[in-house]
Amino acid sequence: MVHGLSQAAYLQRMGFCRGNGEFAAEIPPGKALNASFSSLIRVGTYFNGTSIMQKTDEEINRLRALKLGICYMGLESGSNEVLEDMHKQERADEKIEAVRRMQSAGLKMSVMILLGLGGKPLGDVHVHKTVDALNKMQ
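Throughout, the numbering used here is defined as the position within the sequence shown, counted from one, plus 23.
Hints listed in this document are in silico derivations from the structure and should not be mistaken for laboratory results. One or more hints might be untrue.
When the alpha-carbon atoms are kept at most 20 Å apart in a straight line, the in silico DMTMM-like pairs for lysine to aspartate or glutamate are as follows [what the hints assert, rightly or not]:
1) Lys143 / Glu107
2) Lys152 / Glu104
3) Lys143 / Glu104
4) Lys131 / Asp108
5) Lys90 / Glu104
Using C-beta positions, here's what the derived DEER-type ranges look like [to be verified]:
6) Leu138 / Lys159: 13 to 21 Å
7) His151 / Ala88: 36 to 44 Å
8) Lys143 / Lys54: 48 to 56 Å
For each residue, glycine too, the CB sits at the ideal point set by N, CA and C.
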């Protein structure tokens, strides 16, 4: 307690590592979260491109209503060749489309890349394709 107020009264941002918007897959848990933390202004969570593209517009709007404001997604590389070498199932163009979809719904996106991915053989391809992908996400 701080001056008679619980610390929950001061919580403004919360992040969930579980990902793919599952923190609010049901309306009741999302409502409980917002009711428990009245000062909450933004929730963030991790997504992959596939889970974004599988969501309906209604589901995305429901997540926004539950104060989802920022999403984190791993691009890792803009090079499909590098992604295939890393045994990733999503292609760079799919991740670009997913980011743009969430941005068009009014959500902020934070995209992670992995420096040095591709090693010496694919390092230049990784850098150039990743820069291209990030530019397409803006």
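Comparing the hints with the structure gives:
1. Our distance criterion of 20 Å between C-alpha atoms is met by Lys143 and Glu107, whose separation comes to about 16 Å.
2. Between Lys152 and Glu104, the direct Cα distance comes to roughly 10 Å. Compliance with the 20 Å bound is thereby established for this hinted pair.
3. Under the criterion of a C-alpha separation no larger than 20 Å, the hint pairing Lys143 with Glu104 is consistent with the structure, at around 14 Å.
4. As the CA atoms of Lys131 and Asp108 are separated by approximately 29 Å, the hinted pair breaks the 20 Å bound.
5. Restraint check: the Cα-Cα separation between Lys90 and Glu104 comes to about 36 Å, which exceeds 20 Å; the hinted pair is violated.
6. At roughly 19 Å, the beta carbons of Leu138 and Lys159 sit within the given window of 13 to 21 Å.
7. Restraint check, His151 to Ala88: a C-beta distance of roughly 39 Å satisfies the suggested window 36 to 44 Å.
8. Take Lys143 and Lys54: their Cβ atoms lie about 52 Å apart, and the range 48 to 56 Å holds.
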